[in-house]
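Asker: Listed below are the residues making up each chain.
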Amino acid sequence: MKLNLSTLTVSDALAHMASGDFKSIDLVEALGAAIAVRDGELGAYVSVDLAGARAEAEAADRARAAGKAGRLCGIPIAIKDVLNVRGQPCTCASKILDGYVAPYDATAIARLRAEGAVFLGRTNMDEFAMGGSTENSAIKRTRNPRALDRVPGGSSGGSAAAVAGGLALAALGTDTGGSIRQPAAFCGCVGLKPSYGRVSRYGLTAFASSLDQIGPMTRTVRDAALLQEVLSGADPMDATCVETPVPPYAAQLTEDLRGMTLGVPAEYVVEGMDPAVAQAVQHAVERCRDLGARIVEVKLPHTMFAIATYYIIGTAEASANLARFDGVRYGLRATGATDPLDMYKRTRAAGFGPEVKRRIILGTYVLSSGYHDAYYLKAQKVRTLIRRDFEQAFASCDALLTPCTPTPAFRMGEKTQDPLQMYLGDIFTVTANLAGICGLSVPCGVAPGGLPIGLQILGPAMKEENILRVGHAYEVARGDQWLG
Amino acid sequence: MSEKQAQTGGIDVRYVANLARLALTEEEIATFQGQLSQIVEYVQAIDRLDVTGIEPTSHALPRYNVFRADEVRPSLDRDTVLRNAPSSRDGQFIVPKIVE
Amino acid sequence: MNYRIDIGLEVHVQLKTRSKMFCGCEVRVGAEPNTLVCPVCLGYPGAMPSMNGEAVRLTVRTGLMIGSTIDGFSKFDRKSYFYPDMPKNYQISQYDRPLCDGGAVLIGDGGVAKTVRIRRIHLEEDVAKNTHFAAASGVDFNRAGTPLMEIVTQPDMHSPEEAFAFLLALKQILQYADVSHCNLEEGNIRCDVNCSVRPEGQEALGTKTEHKNLNTFKGVLNALKVESERQIAVLNRGGKILQETRRWDADTGETAAMRSKEDAHDYRYFPEPDLMPVVLAPAEIEAWRAALPEMPAVRRARLVRDYGIPDYDAGVLVADKAVGDYFEAAAKLAPNAKLVSNWMMTEMLRLLGETERDIRTVPITPAALAALVCLTESRTINSNTAKDIFAELFEQGGDPEAIVRQRGLGQVSDASAIGMIVDEAIAENIKVFDDYRNGKVAAAKFIIGQVMKKSKGKADPQLVMKLLDARVAGG
Ligand SMILES: [Mg+2]
Ligand SMILES: [Zn+2]
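Residue numbers (our numbering), protein chains in the order written: chain Z, 130 to 613; chain C, 76 to 175; chain B, 662 to 1136.
Calculated from the structure, these hints are not laboratory results.
Don't be surprised by glycine CBs; every beta carbon is placed ideally from N, CA and C.
Accuracy of the hints is not assured; some may be wrong.
What the hints assert, rightly or not - Straight-line distance between alpha carbons at most 25 angstroms, and here's what the computed SDA-like set of lysine to any residue pairs gives: (1) B:K1106 <-> B:K1119; (2) B:K790 <-> C:S163; (3) B:K790 <-> Z:D471; (4) Z:K510 <-> C:Q119; (5) Z:K428 <-> C:D125; (6) C:K172 <-> Z:A463; (7) B:K832 <-> B:E1017; (8) C:K79 <-> Z:Y500; (9) B:K869 <-> C:S77; (10) C:K172 <-> B:D853; (11) Z:K269 <-> Z:Q381; (12) Z:K224 <-> C:E146; (13) B:K677 <-> C:I173.
Claimed, not checked - Quick partial rundown of chain C residues pointing at chain B, CB under 8 angstroms, derived from the structure: (14) L94; (15) Q113; (16) I129; (17) R138; (18) V141; (19) R143; (20) D145; (21) E146; (22) S150; (23) L151; (24) R153; (25) R158; (26) R164; (27) V170.
Chain Z with its partners taken away, still in its complex shape (with noise of 0.2 angstroms):
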């Protein structure tokens, strides 16, 4: 049998390598093959660094023959362009950062570089991750590999194409309200958002800090569980980023759930979805059960205040992230200014897209005099609502089940007129990066047309062995039938 090298999963890769049917530098070869047949038309990614990635491969390869090969030794990964790489750009799908070289590693990077993972490229995004469709990607559109004239999600929309396409065994994605699980549940592929505190966000350029978390897109539950074994764990970089030991997630996949208790929301049913969505999910949920987990319903109150709060609170972390942008020490500077002030605005009026623009305005908005309290002070009480709707949740339960999304992909250019529209999309996932809690989409279905549809599972802070495990026996006893 030939093998297609750029469509294996990370486990069978690193089995293959490491019997030496084939190396590294082979998968390198075979991946840029497919980005040359096929990103011209997904435009999965931003930068293809394939001279890099070649020399990163062949010194992976001489590591494994001598026997030292790292826990991801050989595995091209593409990154998204909103993580620090040294010596490379990092452009945020920004103009605003052009011209700029990262001096330093992103910890995740670093973590990824120490196991003998290959860069193979920057993937598209929304820019600064903000977004549920890359449209709003200065750079480059963004397709969905499942349906061409269909969004690929967001904002790490070029890294779910990417893996989903067959253009990298794996990718990194970052997740501030969704943009790990609702591109992964899009495209078709695993998405893992890990609690927050979990991996070092030291290098991710920050949209909003108490919810950010950098996180793995895979084919299978299994290879976002190696990947996480790998960014996982405290960092002095980072003071956010906890101690908690990381366990050996793959070892502990399991392919039942006996003696486990899963949680169905009564909330995540809302106006205007898809029925094919909920159908999908049901069929999931009943297939959990048949693998012995015990379903029982569960209540989440504040749901419905999440979006209002996480827009609140994350454009409010947005608007000072976002200030340091002024064309002094980096990036794009506006000409003719005559003082720093005038410099500062024709230099972010030039830089920022419209989408960046919205969110600072109503971040600064939110924060400003006479409003602190009603918007941001109230939002932040409101966050420690939906934190113990989940504490009371998880004191039952080892792990929920939900809808990613509620809908799957739309066209390209459907919502782009209406922000508030685009922002509603997210109510299934933005509730977990409040509440910090962790997070996993694994494809459950798919609509007519061939639509992938997302199974959420979400977990208790800090349990990602829990919904791991429940990911992977579902994957198993689901089989490959909507996989491409």
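With chain Z fixed as given, assemble chains C and B with the ligands onto it according to the hints.
Answerer: Here is chains C and B with the ligands on its own, set in the frame of chain Z:
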């Protein structure tokens, strides 16, 4: 607070954009004013909740006293730093003249 | 009409740490521009702060010195403000939960002591340094991120002189606490000055103006003199004071309104999500309290009590902590603390002043000074010799006993040997001797001088006097 905001309780995009150091065209102001008024109205949903006695959450997980030892670590090489600068001279970042 | 002046200060103090507040870059003045920078202190995308625990300790230590309440919970906030010296365009500072609440600093000398209440002390990061060229400005980020402690007073100072006295007292405390280098020339201490005036008897404070970033105490004094007079003049004319930021020009001695900002400041504070709160256990705070150095006023009283020196001397000796330390070290080794104090008050402070040296760097050790005092106390050398030796030790260091021994400078106390010289001097100056015998007291001085001269300064002057009197009595 802008006068317009004070009077209407709504967002005054022109005023807030200036706080955020964003130059907007008249067209942008009009578009954003419409969109953001709608969004602000939507997020006002949280007004309906009674949060008396509820502590605000500013960090997703409780952690305290995360300190670094007072040790010097290597700084970046200046050439690397200045290569990223839109404008530099004699080792300094150059900006339009600061007027006080 | 009589006016009352109300002055409040915000004093920014750079803390004495090796590395910056939120990154490992070295804190050092005088390095080439932009060589002590990293992704964190340059506000690079993705960089995150990590808190220097030593800066927290030094701030709390300062608070404990002045009687602040350390309530155990403190957090950091972002303060938004766009300016080219601010790498992230927000400063990490503390808004509603500073490390230290309240406290007080005593000012005034001996006579009327006065208390200036402290509102709070919080910790923040310093900004970069701007240089202005003809057509542009330059920014050097070496200073950006230096730990900066901000001490905010109540408006308790009612004259420019009181504000000046407060700053001196505060600097002394900071030195005693050993929390800052307190080098004003290097900008270690910088003040924002708030000043208002109100008619005598009026309850409410007047409208205040602010002067930012004054980096000398004299500048604060002068700016306040000019500004308070200006405000009084405006009110006397029937005018109104505008709340504004003004600039002090030390060269012209004038204050002037700065170009007004386009909009009022809206700092949009919110908790820094990248930093976790500081929660200090009571036991830890108590341990730090137990390790505090003595406050200068307490030390002054103790020096009077323990060493039997005058209050005035003690006040001078404690003014500079290092001088006080030196005194105590020498006094513990010397037979007579008062004599040590005399040396400190006269020769030591004079030479330090003339040479502009720091007592911590002079070659004469406290042990050497103590030894010198021993030599005078035992009359081994006389005071002139001692002064010469002191000057030499001040420049070159060394062991005074060895110097005396090697050069044979020891005082001659042998009554028969000196008696011969006395007789010789009397014989050569018989008329003067007669004057003395006839009651002209000053005449003795001349004879003693002659004896000293003949003995090459080695004669013990008191012995000479005794012998001379014996000659008068004995005839
Ligand atoms: Mg301050
Ligand atoms: Zn630094």
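Asker: Next step is simple, just say for each hint if it's right about the structure.
Answerer: Here is how each hint holds up against the structure:
no.: 1; hint: B:K1106 <-> B:K1119; verdict: holds, 16 angstroms
no.: 2; hint: B:K790 <-> C:S163; verdict: holds, 15 angstroms
no.: 3; hint: B:K790 <-> Z:D471; verdict: holds, 20 angstroms
no.: 4; hint: Z:K510 <-> C:Q119; verdict: holds, 14 angstroms
no.: 5; hint: Z:K428 <-> C:D125; verdict: holds, 19 angstroms
no.: 6; hint: C:K172 <-> Z:A463; verdict: holds, 15 angstroms
no.: 7; hint: B:K832 <-> B:E1017; verdict: holds, 19 angstroms
no.: 8; hint: C:K79 <-> Z:Y500; verdict: holds, 13 angstroms
no.: 9; hint: B:K869 <-> C:S77; verdict: holds, 23 angstroms
no.: 10; hint: C:K172 <-> B:D853; verdict: holds, 24 angstroms
no.: 11; hint: Z:K269 <-> Z:Q381; verdict: violated, 40 angstroms
no.: 12; hint: Z:K224 <-> C:E146; verdict: violated, 37 angstroms
no.: 13; hint: B:K677 <-> C:I173; verdict: violated, 30 angstroms
no.: 14; hint: L94; verdict: holds, 6 angstroms
no.: 15; hint: Q113; verdict: violated, 23 angstroms
no.: 16; hint: I129; verdict: violated, 16 angstroms
no.: 17; hint: R138; verdict: holds, 5 angstroms
no.: 18; hint: V141; verdict: holds, 5 angstroms
no.: 19; hint: R143; verdict: holds, 4 angstroms
no.: 20; hint: D145; verdict: holds, 4 angstroms
no.: 21; hint: E146; verdict: holds, 6 angstroms
no.: 22; hint: S150; verdict: holds, 5 angstroms
no.: 23; hint: L151; verdict: holds, 5 angstroms
no.: 24; hint: R153; verdict: holds, 5 angstroms
no.: 25; hint: R158; verdict: violated, 12 angstroms
no.: 26; hint: R164; verdict: holds, 7 angstroms
no.: 27; hint: V170; verdict: holds, 5 angstroms
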